[in-house]
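Which chain is which? The protein sequence lines are A and B, in order.
Residue numbers for the first sequence follow the numbering used here, so the first one is 1 and each next one is one higher.
Residue numbers for the second sequence follow the numbering used here, so the first one is 1001 and each next one is one higher.
Honestly, the hints are just simulated from the structure, not real lab data.
Keep in mind that a hint or two might mislead.
As the list claims (entries may be wrong) - Listed below are the simulated SDA-like cross-link pairs for lysine to any residue, each with C-alpha atoms no more than 25 Å apart in a straight line:
1) B:1352 to B:1434
2) B:1118 to A:412
3) A:44 to B:1061
4) A:310 to A:291
5) B:1047 to A:193
6) B:1368 to B:1453
7) A:160 to B:1118
8) A:160 to B:1024
9) B:1112 to B:1130
10) A:44 to A:31
11) B:1297 to A:239
12) B:1118 to A:37
13) B:1447 to B:1372
14) B:1047 to A:23
15) B:1381 to A:352
16) A:310 to B:1053
17) A:193 to B:1435
18) A:409 to B:1028
19) A:352 to B:1291
20) B:1381 to A:29
21) A:381 to B:1415
22) B:1376 to B:1312
23) B:1044 to A:17
24) B:1112 to A:67
25) B:1214 to B:1267
26) B:1310 to A:168
27) B:1239 to B:1305
28) B:1409 to B:1053
29) B:1368 to B:1192
30) A:352 to B:1024
31) B:1409 to A:29
32) A:376 to A:182
33) B:1447 to A:27
34) B:1368 to B:1428
35) B:1381 to A:412
36) B:1376 to B:1191
Number of protein chains: 2
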Amino acid sequence: MDIRTQKTFEALFALEDIREVFRQALPNTTSPEDEQAIREGVDKVRKILDDIQSGTGNAEVRKIAGTIDIRSREENYINIQPIQAAGRLTPEARKALLAYGDGYSTCDACRKPFRLDKISNPPIAPFHEELARFVNMDQARVVPGARRGFQAVASTLVSKGDSVVVSALAHYTEFLAVEEAGGVVKEIPLNEKNLVTPDAVAEKIEAVKQETGKLPVLVMIDHFDYQYANEHDVKGIAKVAHQYDIPFLYNGAYTVGVMPVDGKNIGADFVVGSGHKSMASPAPSGVLATTDEWAPKIFRTTQMVGDITKRKFGIKEVEMLGCTLMGSTLIGMMASFPTVRERVNHWDEEVKKSNYFLDGVLNIEGSKVLSEFPRKHTLSKVDTTKSFDTVAQRHKRKGFFLSDELSGKGIIGEFAGATRVWKLNTYGLSWEKIHYLVDTFQDIADKHELQVNRSQLL
Amino acid sequence: MDIRTQKTFEALFALEDIREVFRQALPNTTSPEDEQAIREGVDKVRKILDDIQSGTGNAEVRKIAGTIDIRSREENYINIQPIQAAGRLTPEARKALLAYGDGYSTCDACRKPFRLDKISNPPIAPFHEELARFVNMDQARVVPGARRGFQAVASTLVSKGDSVVVSALAHYTEFLAVEEAGGVVKEIPLNEKNLVTPDAVAEKIEAVKQETGKLPVLVMIDHFDYQYANEHDVKGIAKVAHQYDIPFLYNGAYTVGVMPVDGKNIGADFVVGSGHKSMASPAPSGVLATTDEWAPKIFRTTQMVGDITKRKFGIKEVEMLGCTLMGSTLIGMMASFPTVRERVNHWDEEVKKSNYFLDGVLNIEGSKVLSEFPRKHTLSKVDTTKSFDTVAQRHKRKGFFLSDELSGKGIIGEFAGATRVWKLNTYGLSWEKIHYLVDTFQDIADKHELQVNRSQLL
């Protein structure tokens, strides 16, 4: 780890140790020992600050709790990992984690009716309203990951043996949510462009009806799939689903938080997003939004009555299991939200950078982009079988030569050892980093005597 | 907020801003602007350190992301809130949150077979093994809260209309988990001591069989309940359940992480614990552990096959929905674990402090402890109707007089405004704080002319 990053962590940690002195002390009282600990802590931080400024010193803290390495991937590298890019925290989210880490920190001012989304301090209730507006739906709840949103919808709508129509590129969590509810997934085949079309959805619905004698109970489609991040015609698909009176779940794991999403305009009955994938939020987090029509079903409150005590917990929602995302996970999500809400307006620029980078990769002869091109997303699948893999074939480090070269230049997040088909994500990288990426990939190609067509000027 | 705590947060935040400079910069490169930002940041932290040391300065950062107050409840108060005490983070967990906040931070080294609990760096796989050993069960998974553990078990075992036997003091999340699975809860009545006895469980099982023609499919009991934190004879209850061949779920939300729990000795088929309630962990977190006998059912892997693509995701567990707790939530849990594993050995001392404090409360004439007494837990329900509530009756602030008095002395976490029946938790407080609590409660009693029997010397 770069020493200045290391020292920044050490300063943060030393401040946490000072903070712990206040935690252990009596209210507004410090003992001479406390004062000494604070003084020593402050002195320690001062020395570390000298090192941060001058880039001097040696690593003094290497592990957290004795076994966990300090993670500096985002500080010391350009990270092109396919699923991490848009989940990277904002500084505000990191500050929220600092301040709200304690388990039930959200619950200090929990009052009647005792439900997370009703708490007004911290402003959790208004956040829920803003979240619903953000995706233009009527109501929203936070959930521990998009998968828990799929689960809530599937558990409500799917009975044993029911069919759910998903894409041939559906994420595995959609499979699991349907399976957990006792249903069966039915995949929609892709067209020659690796897209799910509304026509194919209609055909699949008809085929399911034919085969099982029953219509599917849900159509669930990823706006951009996790494999190619191709854009599928969700609006057209929602329309088809509704023609059969089947509700439509919009999987926005790769859209909500990075690009504008208008659930009503799409015709979504449910919009699911992922906090840690696309909303600069801690994991596990996500959002499930729905319409006023569906809310009473998906967010139905408990009807169970204790047979002895006659207890009822009327305000608690069954599929949410009551409160969902407590503590720093939620507050981190909230702290990033102003940034996230603003950043979706710059999606075009992100896509432009994605295309610019891939143009640079395509200039390395033999390279291909397997995702639709030009890109409409920052996640992409590339095929470098006829470029970098030809080097790997003759290199003693095999495919790891590319990882070695990249990490030597401060680039990380490619699938280590993969030089044929692999994915990457440029979301949130500055133009400066994008240029650096292109230069580095092309320099590596040069070094290994691959042809780089720089004439196709970027 | 105390100015030194305030300044500690400001220093932490300023360091996060420095860290962000490294995040935005090219690898191992800083521009003159970056250097200036770092220099200014370092100078800022230096000034803040002066303020921390001398207790000077004014608050300069009041909100995170413009709307979220900085939370300093644990730094500036003694917090006796009933559910927060044992979820309070260790310093190591706070450092883990710092370093692993980014959404998918756990997934840097995810390799085949691509499942969270198989990742060895950070050491997630060994942590899972240690977790299982910690509660003396065969296998364990982390889950986003104890409720998600109940859900996984209920969803596996409970079919529509099935009965699940729970305590008349069962937590509402047990109700919801059963309801979500389509089952019905059947409560076991309490004896005169507010305890669930094995005999009562046997009677209830017989009654359910009589009434529904079928045995219950699950017995789910809280070792210490959330209302009184009375200890219920889980070992005896497990034995009864097994006599009917019914599996037993041990709800350890108030035990796993604070006292030793031996699942095998108890005879538990499932042990569920809460990270944010009792394991000094960020929310939402928890553990679900089971035996080798039950693991293939509860942790069954997906059998779903894509009808078009023939895709299978064989390693992914249906009830876990694949991976469960990513990012800082899990790493925070792991960072606290060495402390948690050690602290359960000091449970007797925690109980001693709990009893000492309550003796002090009982010395205030008219006060009662509604939980079993002497206490076997640090969570307790008290009744001050005939002590503090008599003051509230004639006070212009009503029940809030007590909150005012307590917070004026740096004590927080009682249910604001409640002076009749309320709960508190002394877990993790030092003897110094316990003495301070007793003195403060008795001083408040004195001030309002309640009789304090100090002759019963503590």
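Here is how each hint holds up against the structure:
For the hint pairing residue 1352 of chain B with residue 1434 of chain B, the CA-to-CA distance comes to about 10 Å; that is within 25 Å, so the pair holds. With a C-alpha separation of about 22 Å, the suggested pairing of residue 1118 of chain B with residue 412 of chain A holds against the 25 Å cut-off. Restraint check: the Cα-Cα separation between residue 44 of chain A and residue 1061 of chain B comes to about 24 Å, which is no more than 25 Å; the hinted pair holds. A C-alpha spacing of about 32 Å is found between residue 310 of chain A and residue 291 of chain A, which places the hinted pair above 25 Å, so the restraint is violated.
Of the supplied pair hints, the one linking residue 1047 of chain B and residue 193 of chain A is violated, its CA atoms being roughly 59 Å apart against a limit of 25 Å. At roughly 14 Å between alpha-carbon atoms, residue 1368 of chain B and residue 1453 of chain B fall within 25 Å of each other, so this suggested pair holds. Taking the CA atoms of residue 160 of chain A and residue 1118 of chain B, the gap is about 31 Å. The hint is violated against a cut of 25 Å. Between residue 160 of chain A and residue 1024 of chain B, the direct Cα distance comes to roughly 50 Å. Violation of the 25 Å bound is thereby established for this hinted pair.
With a CA separation close to 22 Å, the supplied pair residue 1112 of chain B and residue 1130 of chain B stays within the 25 Å bound. Restraint check: the Cα-Cα separation between residue 44 of chain A and residue 31 of chain A comes to about 20 Å, which is no more than 25 Å; the hinted pair holds. Distance check on the hinted pair: residue 1297 of chain B and residue 239 of chain A sit about 39 Å apart at the alpha-carbon level, beyond 25 Å; violated. Distance restraint check for residue 1118 of chain B and residue 37 of chain A: the Cα-Cα separation of roughly 40 Å exceeds the 25 Å cut-off, and the hinted pair is therefore not satisfied.
Restraint check for residue 1447 of chain B and residue 1372 of chain B: the C-alpha separation of about 29 Å exceeds 25 Å, so the hint is violated. Taken as a hint, the residue 1047 of chain B and residue 23 of chain A pair is honoured in the structure, with Cα atoms around 23 Å apart against an allowance of 25 Å. At roughly 61 Å between alpha-carbon atoms, residue 1381 of chain B and residue 352 of chain A are farther apart than 25 Å, so this suggested pair is violated. For the suggested pair residue 310 of chain A and residue 1053 of chain B, the alpha carbons sit about 57 Å apart, so the restraint of at most 25 Å is broken.
Restraint check for residue 193 of chain A and residue 1435 of chain B: not satisfied, since their Cα atoms lie roughly 72 Å apart, outside the 25 Å limit. Between residue 409 of chain A and residue 1028 of chain B the CA atoms are separated by roughly 9 Å; this keeps the pair inside 25 Å, and the hint holds. Proposed proximity of residue 352 of chain A and residue 1291 of chain B is contradicted: the alpha carbons are some 53 Å apart, above 25 Å. Pair hint residue 1381 of chain B plus residue 29 of chain A does not hold up; C-alpha atoms about 29 Å apart against a cutoff of 25 Å.
Our distance criterion of 25 Å between C-alpha atoms is broken by residue 381 of chain A and residue 1415 of chain B, whose separation comes to about 54 Å. Our distance criterion of 25 Å between C-alpha atoms is broken by residue 1376 of chain B and residue 1312 of chain B, whose separation comes to about 49 Å. A hinted pair counts as satisfied when its Cα atoms are at most 25 Å apart, and residue 1044 of chain B with residue 17 of chain A qualifies at roughly 20 Å. Of the pairs offered as hints, the one joining residue 1112 of chain B and residue 67 of chain A holds, with about 22 Å between alpha carbons and a cut-off of 25 Å not exceeded.
With a CA separation close to 23 Å, the supplied pair residue 1214 of chain B and residue 1267 of chain B stays within the 25 Å bound. Note on residue 1310 of chain B and residue 168 of chain A: the hinted pairing holds, with a Cα-Cα distance of about 9 Å set against a maximum of 25 Å. Straight-line distance between C-alpha atoms of residue 1239 of chain B and residue 1305 of chain B comes to about 40 Å, which puts the hinted pair past the 25 Å bound. At most 25 Å may separate the alpha-carbon atoms for a hinted pair to count; residue 1409 of chain B and residue 1053 of chain B meet this at roughly 23 Å.
Restraint check for residue 1368 of chain B and residue 1192 of chain B: satisfied, since their Cα atoms lie roughly 17 Å apart, inside the 25 Å limit. Taking the CA atoms of residue 352 of chain A and residue 1024 of chain B, the gap is near 19 Å; set against the 25 Å cutoff, the hint holds. Of the supplied pair hints, the one linking residue 1409 of chain B and residue 29 of chain A holds, its CA atoms being roughly 11 Å apart against a limit of 25 Å. Pair hint residue 376 of chain A plus residue 182 of chain A does not hold up; C-alpha atoms about 35 Å apart against a cutoff of 25 Å.
A C-alpha spacing of about 20 Å is found between residue 1447 of chain B and residue 27 of chain A, which places the hinted pair at or below 25 Å, so the restraint holds. Taking the CA atoms of residue 1368 of chain B and residue 1428 of chain B, the gap is near 23 Å; set against the 25 Å cutoff, the hint holds. A distance of roughly 54 Å separates the Cα atoms of residue 1381 of chain B and residue 412 of chain A; the hinted pair therefore is violated under the 25 Å criterion. Distance hint between residue 1376 of chain B and residue 1191 of chain B is fulfilled; the C-alpha atoms sit about 18 Å from each other, no more than 25 Å.
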